[in-house]
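Starting from the given sequences, assemble the full structure and let the hints guide the process.
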Amino acid sequence: MLLSVRSPRNSCKFREYGGQAAKLRLRPRQRLDRPCSGLHGEGMSMFVSGKGKRLFLTGLMLLVLLSGCGQRIEQKEQDAVKIKAQSGKMERLDQLAEEMFNKVVKGDMAGGRELLDQMSDQIAQIDFSGMTSVEGLHAFTETVTQAKRSFNSVQAVPDEGRTAAAKVRLAVDALKSPHDPMWHQYYKVLQTDTDGLEKAAKEANKGDLQRFAGQLDSHYGIVRTPIVMSRTPAEVEKMDSLIVFVKSQMTAQAPFQPVLSVVPHIRQTLDELFMKKEKPAYLPIVDDEKPIIWSIGIASFIVAAMVYAAWRMLQKDQGVRAVKRKDEHAG
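Per UniProt numbering, the sequence shown runs over residues 1 to 331.
Treat the hints loosely; a few may be bogus.
Derived DSS-like pairs: lysine-lysine, alpha-carbon spacing no greater than 30 Å straight-line [stated by the list, open to error]: (1) K247 - K276; (2) K206 - K247; (3) K199 - K188; (4) K89 - K148; (5) K202 - K188; (6) K188 - K276; (7) K103 - K148; (8) K148 - K106; (9) K103 - K176; (10) K148 - K176.
Just so you know, these hints were derived from the structure itself, not from any lab. Predicted model, so just to flag it, every value in this text is computed and none were measured.
Structure (structure tokens):
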């Protein structure tokens, strides 16, 4: 019996003979075309799908990078705008301080008072973070407040008004021009006062000693605020202690040798405050009769002053947090 059958898988014809199927004819084109065409289409689909994913991820990464770059550029632009605005405010504050000082020097206290009020309004608009320390900002605001009191006093003394105006002027300039401030010009003035103090002590001239001690204290007081704004508390307290020591000797019966012994320390401290590169070795003059007594006395006073300064710094740290500078953020 002959039976013809078409297979759905490979379209082949079979003859059934003796219970066995024998292949009569094979159509290779139909047998191979279907599987190959299926594999080819599926492989291409996988290839296209994988390539598309890679392209998508690459594009996404580029988008993220471009977005990050855009944000950084935008942040830099915003910082530049803030810096420019801050610089403009400082320029205006410096201009007001200059005009205020000139009016007070000419005797126009009312005009100086009006400009000082404008300075107060301008100060309230400025962010001093990174420009000075907490101690420096406190000293600056206190200097402005003291100037207001001096200008508003019924019995205003012209000299006191000029001194107050000079303090404010130098403090503002220290903020605006930290690398070349005007208060550095007082180095020679303070050195001259120290030379006069030394000469008076050597000659045992108490009148001149008191006069130069007063000048040194007064001139240092004019630049103390910008010094506090620019130097460390330890450096400031060191100079403060030396000034206090000299003033304390003015009422002593024999002040000459103690003052003469502390003069080298004053010169060295001034060099440190004014950042002079050449620092000569100042050798203290010692009394041959009582060398140990003077050395111990001066050393004890300086140590006590430094301990007191450290205690004051500790008390401040418990209630006030320090303001960080721009170079710390940058670092």
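Are the Cα positions of K89 and K148 separated by 30 Å at most? The given pair, whose Cα atoms are some 21 Å apart, holds under the 30 Å limit.
30 Å limit on alpha-carbon distance, applied to hinted pair K206 and K247: Satisfied, since the Cα-Cα distance of roughly 12 Å is no more than 30 Å.
Does K247 pair with K276 here, judged by a C-alpha cut-off of 30 Å? Holds - the C-alpha atoms of K276 and K247 are around 26 Å apart, at most 30 Å.
With a cut-off of 30 Å on the C-alpha distance, tell me whether K188 and K276 pass. holds (12 Å)
Proposed proximity, K176 with K148 (alpha carbon, max 30 Å): Roughly 21 Å between the alpha carbons, so the hint for K148 and K176 holds.
Can you confirm whether the C-alpha distance between K202 and K188 stays at or below 30 Å? holds (21 Å)
Holds or violated: K199 and K188, Cα atoms, limit 30 Å. This hinted pair holds, its Cα atoms lying about 16 Å apart.
Proposed proximity, K106 with K148 (alpha carbon, max 30 Å): holds (17 Å)
Given the hint that K103 pairs with K176, test it: the Cα-Cα distance must not exceed 30 Å. OK: K103 and K176 at ~21 Å, within 30 Å.
Holds or violated: K103 with K148, Cα cutoff 30 Å? Holds, because 14 Å separates the two Cα atoms, which is no more than 30 Å.
Every hint from the earlier list agrees with this structure, and none is contradicted.
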